Amino acid sequence: MRMAQPRPDAVFAPWDDPSETPLIQFKNVTKRFGDFTAIDDLTLDIYAREFFALLGPSGCGKTTLMRMLAGFETPTEGTILLDGVDIGPVPPNERPVNMMFQSYALFPHLTVWENIAFGLKRSDMPKDQIGDRVERMLKLTQLGKFAKRKPHQISGGQRQRVALARSLAKAPKLLLLDEPLGALDKKLRHETQFELMDIQESTGTTFVIVTHDQEEAMTVASRVAVMVDGNLAQVATPDQIYEAPTSAYVADFIGDVNLIEGAVEAGSTGTDVAIKWSATEEPIKATSDTPPPAASTVQFAIRPEKVAISSEKPDAANVMEGKILDIAYLGNISTYHVEVAPGLIVKAQATNTRRISRRNLTWEDHVYLSWTDTAGVVLTE
Amino acid sequence: MRRFSWFNATALTFGFAFLYLPMLILIIYSFNESRLVTVWAGFSTKWYGELWQNEAFLDAAWVTIKVAFWSSTLATVLGTMAAYIMVRAGRFRGRGLFSGMIYAPLVMPEVITGLSLLLFFIAIGLDRGVVTIVLAHTTFAMCYVSVVVTSRLVSFDQSLEEAALDLGCTPFDAFRSVTLPIILPAVISGWLLAFTLSLDDLVIASFTSGPSSTTLPIKIFSAVRLGVTPEINALSTIMILLVTLGVITASLISRRSALKAREDERKAMGG
Numbered sequence: 001m002r003m004a005q006p007r008p009d010a011v012f013a014p015w016d017d018p019s020e021t022p023l024i025q026f027k028n029v030t031k032r033f034g035d036f037t038a039i040d041d042l043t044l045d046i047y048a049r050e051f052f053a054l055l056g057p058s059g060c061g062k063t064t065l066m067r068m069l070a071g072f073e074t075p076t077e078g079t080i081l082l083d084g085v086d087i088g089p090v091p092p093n094e095r096p097v098n099m100m101f102q103s104y105a106l107f108p109h110l111t112v113w114e115n116i117a118f119g120l121k122r123s124d125m126p127k128d129q130i131g132d133r134v135e136r137m138l139k140l141t142q143l144g145k146f147a148k149r150k151p152h153q154i155s156g157g158q159r160q161r162v163a164l165a166r167s168l169a170k171a172p173k174l175l176l177l178d179e180p181l182g183a184l185d186k187k188l189r190h191e192t193q194f195e196l197m198d199i200q201e202s203t204g205t206t207f208v209i210v211t212h213d214q215e216e217a218m219t220v221a222s223r224v225a226v227m228v229d230g231n232l233a234q235v236a237t238p239d240q241i242y243e244a245p246t247s248a249y250v251a252d253f254i255g256d257v258n259l260i261e262g263a264v265e266a267g268s269t270g271t272d273v274a275i276k277w278s279a280t281e282e283p284i285k286a287t288s289d290t291p292p293p294a295a296s297t298v299q300f301a302i303r304p305e306k307v308a309i310s311s312e313k314p315d316a317a318n319v320m321e322g323k324i325l326d327i328a329y330l331g332n333i334s335t336y337h338v339e340v341a342p343g344l345i346v347k348a349q350a351t352n353t354r355r356i357s358r359r360n361l362t363w364e365d366h367v368y369l370s371w372t373d374t375a376g377v378v379l380t381e
Numbered sequence: 382m383r384r385f386s387w388f389n390a391t392a393l394t395f396g397f398a399f400l401y402l403p404m405l406i407l408i409i410y411s412f413n414e415s416r417l418v419t420v421w422a423g424f425s426t427k428w429y430g431e432l433w434q435n436e437a438f439l440d441a442a443w444v445t446i447k448v449a450f451w452s453s454t455l456a457t458v459l460g461t462m463a464a465y466i467m468v469r470a471g472r473f474r475g476r477g478l479f480s481g482m483i484y485a486p487l488v489m490p491e492v493i494t495g496l497s498l499l500l501f502f503i504a505i506g507l508d509r510g511v512v513t514i515v516l517a518h519t520t521f522a523m524c525y526v527s528v529v530v531t532s533r534l535v536s537f538d539q540s541l542e543e544a545a546l547d548l549g550c551t552p553f554d555a556f557r558s559v560t561l562p563i564i565l566p567a568v569i570s571g572w573l574l575a576f577t578l579s580l581d582d583l584v585i586a587s588f589t590s591g592p593s594s595t596t597l598p599i600k601i602f603s604a605v606r607l608g609v610t611p612e613i614n615a616l617s618t619i620m621i622l623l624v625t626l627g628v629i630t631a632s633l634i635s636r637r638s639a640l641k642a643r644e645d646e647r648k649a650m651g652g
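Protein chains in written order, with the numbering used here: chain U, 1 to 381; chain A, 382 to 652.
Isolated chain A, as found in the complex (with noise of 0.2 Å):
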């Protein structure tokens, strides 16, 4: 069946040179020991330690940070609601509407997004800063966190909610001491997204940041407009890898646990 062609391979070979040549040669320049960004003058990382010297980009990354961690965190704590009510509910008026709503900024473009939540803050009179960027980035985060902690709530048996009420748990204990624990692994992975979106995110935090509050992308963005410096290749390098880190542990934690879900299952059926 899966015989080598010369069409798939080199299919293959142009699909990944398409997606991956761009990075693979910013990752290679960044150990460029030359100034000049596109001539080869030997192996070196000196530019990574050039980075560490550089207050500018310390101050971005701390924001971008900051941003990353309390937004995801908001972000887990709304879309895991979301997700919880959107599949306990039932059925009732509007649902469809109700959960496409949820969905919808995943397709928003997010000129969009950053543009109406620009003139929002403008109009609830919020300086911009920290807080809107963390604002802003729970807004479009908590959806993919919803997302997959609503696939994790589908497979979840009620009964076992249920049994904890029957129990004399009152339902928010029934959520927190039995629901929560069994789909911990889902909400983990939902923040672990959530964090790498807010990590990589230029078009809504430059429309939300304020002059104080430079997030590592917009530093990045702004810097490459007066020229690539192998400081920026080093930056970028040291991004690719967190997010790339970031996207595999969450998918590898959703990936065990569905596993294990399964695995239980079989278990229980087969006595």
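Chain U extracted, bound-state conformation (with noise of 0.2 Å):
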């Protein structure tokens, strides 16, 4: 899903390196409210120049985790440190942290300048070098011919890229973003995501952004934290989110995908595990890095684009037969739905390199489905 983007640095991966310090550290963080636990007992690492995105739906704690970066909520046990200080007790207007709002929160009464200016006069900022701040984030976001206007004055991307100006112009350690782009609509969210992107690279700056779309987290972020019930799920890089899902529960949120119940076979070898789904049908070849021991359950997850459908059967290390019950049409893809046994319907998706007329697949057609045995993913959770 992420875009190539030409990097001329070296691979950026901090959370690889042992030898550096994280920006942010959550140490055992429990957040009640009441008798609700909203952060339940967790521990997070961020590094410096890292746009981290908190992923996960609503009510997985995701803004309290953000709101106690910014020091709206403080933790009910557990420490935050930033740059190695335990910003618990700093309150919010003391803290080299600034938040996007998801509402922008831009100041009605003030102009675009005005808003943008506003943190810098309450900085220790001297006067004659705000102005010059305050045109540069102008230009880095373009809203230069829209500094004397009122907020109610522009439009809803103009609106969102004050939000951004605003916050970025005290030039904080940390820039948090609460659903930065949810109130735009589709096409001007693409465009603004790279935006988003570019003026993350080129001011250095920290980004922690909460969302709960999925496909703007791996777009934008470095890293992506799965939140589920105040906790972490998974916190990994868009690419291993995605093709390496620790537990069925990040697989299915994070795009499609397959899942098929079986035990483990006795008699594997090495990283190989056969996988039994069926009383009749053949184990499912897979791979694993850690072989769950025979006899256990797990779920073999594997992601419909992984699955090739052909007419004829293929020479693959896993086939399956069955019927064509549904197609979604999507113009550059198909997906068919497929049914390999009564019930279970496996999705295969096909992109369509052909016009529609020369393609040979259609309703009620007995087809083929095939993957090799490291396309999939098993999971004992």
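Think of the hints as simulated: they come from the structure by calculation, not from any bench. These numbers were taken from a predicted model, which means no experiment stands behind them. One or more hints might be untrue.
Covered stretches of chain U, as calculated for chain A (at least 3 residues, CB under 8 Å) [stated by the list, open to error]:
#1 95 to 103
#2 209 to 221
When the alpha-carbon atoms are kept at most 27 Å apart in a straight line, the in silico BS3-like pairs for lysine-lysine are as follows [to be verified]:
#3 U:K148 to A:K641
#4 U:K150 to A:K641
#5 U:K323 to U:K347
#6 A:K641 to U:K145
Only some residues are given here: those of chain A computed to face chain U with a beta carbon under 8 Å [as the list claims (entries may be wrong)]:
#7 L439
#8 D440
#9 D538
#10 S540
#11 L541
#12 A544
#13 L546
#14 D547
#15 L548
#16 G549
#17 C550
#18 T551
#19 P562
#20 I563
Backbone N, C-alpha and C define an ideal beta-carbon position, used for all residues, glycine too.
Make the complex out of the two chains shown on their own, each in a separate frame, by following the hints.
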């Protein structure tokens, strides 16, 4: 999903480098509101210059986590360190952290220029430098023409950029973005995602973004934390989250997936795993770095685009026979819903490289699904 | 749907007559040439002129305006603070009781408010005068201010204040430079309301006023006991005018700001 972007420097992966010290450290942080536990004993490191995404359904605790970084909530237990300093007792106005609000929270009685200058006037920046700094932010976000306007006199996309400029103006160590693109329409959202990435790279600021849009998280983030019920389901790079999910929850939450339940067959060697999923059919051949013990129940997860579909029997590690129940035509791709056993439907995706008249698969057709032994993931949870 | 019917027209006429006929008669007789209040002797504005010569009335008017200004200003500060705390404090034990206690003076019989204030001022040894009337009017007017300001604050986006804190404001600076400018129309209309309430209060003022501090309503009330004069009609007409202006301005300001807030919201949503 991530668009290829030329990165001149070496691969950016401070989380793999044991000598790096994290910018932010959550240490066994718990946050309770009355009886409700919003964050449950969470430990997480975020590194400088990262674009870190907190992803999860509403109510998973991602917003609470961000509000604790901004200083609007304090942890019930545990500590949060920023640059090695416990920020628990530091009020929001004294943190080197700025936030871009979901509603943008632009001050309606001030112009765009005054909104951006608002934080600078309350910093120790000399008065004569404030103007220059505001002009730079206006230029960075292409808002020069709108400096004199009030927030209600500009469009939603422009307001979003004012909010970004205002939160970046003080050059914070850490910028928090709460669903920053939620109010934009889809096309504008895509453009803005790339603008955000450019700005993040050119300013070198650490970004933490909260979103419920998985595609957005995958596009912009260096690492994604998938959250569920106040805890982390998985923290990894977007490609690892997608290709190597560690739980059925993550596999299912990110993108489309086929989950097939089965039992591990005895006699597997090395990294090979054979999964018995049906009494009559051949077991699924897969691989796993940590093969689960024989007879244990596992879920086999495979993405629809890794399943090939054909009308003649192919030569592959895994082949299943079935009947097409449904075809979802999406323009560039089609998703075929194939019933391989009573009640078990496997989705296969094919790129529509030919125009519609030349394609030969249709409803009720008898087809073969196939994939290699490394195409899927074996999940024990 | 809205067809003319004799029943509706009659009900409306009677209703309005009931409400406004007495005042209308008072206004008409204030322009009466005759010294006898109930005998019409032609149009004249001479009683308004006489009013300007009457030292006692002018003094009372000056006291009333001073009292109204200071009590409404104090009530606005206190009422805004009360409203802010009640809206912002979130849920805490006894919140319902607390907010009920802020609004209770709205329905408290004025005689009781006046009497309790009188006893209180005597107990603490405060001589009755302008100061005591100001304090008394502040106590009941701040409830009205807090009602008006609360209704504005509940629709106020709290993330604006968080944004101000986030950008380096202390909580007080955030209130002064962000919250207050935005809720200002409601605060002003609360002030105007408090001002008009203080202008026409008789009961509480008569409990708390001293010999040197007679307000206009007290003056009128005592003058009428010696007989209604056309001067009093003229004075009452001026007061009706002032109060009407105050109330209309207050409601216009709050309605305009409510409309503007809705408009801004619509624009913000529509992009």
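Consistency of the hints with the structure:
1. Proximity of the segment 95 to 103 of chain U to chain A, defined as three or more residues with a beta carbon under 8 Å from a beta carbon of that chain, is established by the 6 residues found.
2. Evaluation of the coverage hint for the segment 209 to 221 of chain U: breached, as 0 residues show C-beta separations to chain A shorter than 8 Å, against a requirement of three.
3. Our distance criterion of 27 Å between C-alpha atoms is met by K148 of chain U and K641 of chain A, whose separation comes to about 20 Å.
4. This hinted pair checks out: K150 of chain U and K641 of chain A have alpha carbons roughly 14 Å apart, not beyond 27 Å.
5. Under the criterion of a C-alpha separation no larger than 27 Å, the hint pairing K323 of chain U with K347 of chain U is consistent with the structure, at around 11 Å.
6. Distance check on the hinted pair: K641 of chain A and K145 of chain U sit about 25 Å apart at the alpha-carbon level, within 27 Å; holds.
7. Annotation: interface hint on L439 of chain A violated; nearest CB of chain U at approximately 41 Å, more than 8 Å.
8. Checking D440 of chain A against chain U: minimum C-beta separation of about 42 Å lies over 8 Å; hint violated.
9. Annotation: interface hint on D538 of chain A holds; nearest CB of chain U at approximately 6 Å, less than 8 Å.
10. With its C-beta approaching chain U no nearer than about 4 Å, S540 of chain A sits inside the 8 Å limit, and its interface hint holds.
11. Hint status for L541 of chain A: holds, given a least beta-carbon distance of 5 Å to chain U, under 8 Å.
12. Using the Cβ-Cβ criterion of 8 Å, the hint placing A544 of chain A at the interface with chain U is satisfied: the shortest such distance is roughly 4 Å.
13. Because the beta carbon of L546 of chain A sits about 4 Å from the nearest beta carbon in chain U, less than 8 Å, this interface hint is met.
14. With a least beta-carbon distance of about 5 Å to chain U, the hint placing D547 of chain A at the interface is held under the 8 Å criterion.
15. The restraint placing L548 of chain A at the interface with chain U holds, with a minimum CB-CB distance near 3 Å, inside the 8 Å limit.
16. Because the beta carbon of G549 of chain A sits about 4 Å from the nearest beta carbon in chain U, less than 8 Å, this interface hint is met.
17. Restraint check, C550 of chain A versus chain U: the minimum CB separation of about 6 Å is within 8 Å; hint holds.
18. Taking 8 Å as the C-beta contact cut-off toward chain U, the hint placing T551 of chain A at the interface holds, the least distance being around 6 Å.
19. Here the hint on P562 of chain A is kept, as its CB sits about 5 Å from the closest CB of chain U, short of 8 Å.
20. Interface hint at I563 of chain A: satisfied, since its Cβ lies 6 Å from the closest Cβ of chain U, which is below the 8 Å cut-off.
Against the hints set out earlier in the document, violations occur for numbers 2, 7 and 8.
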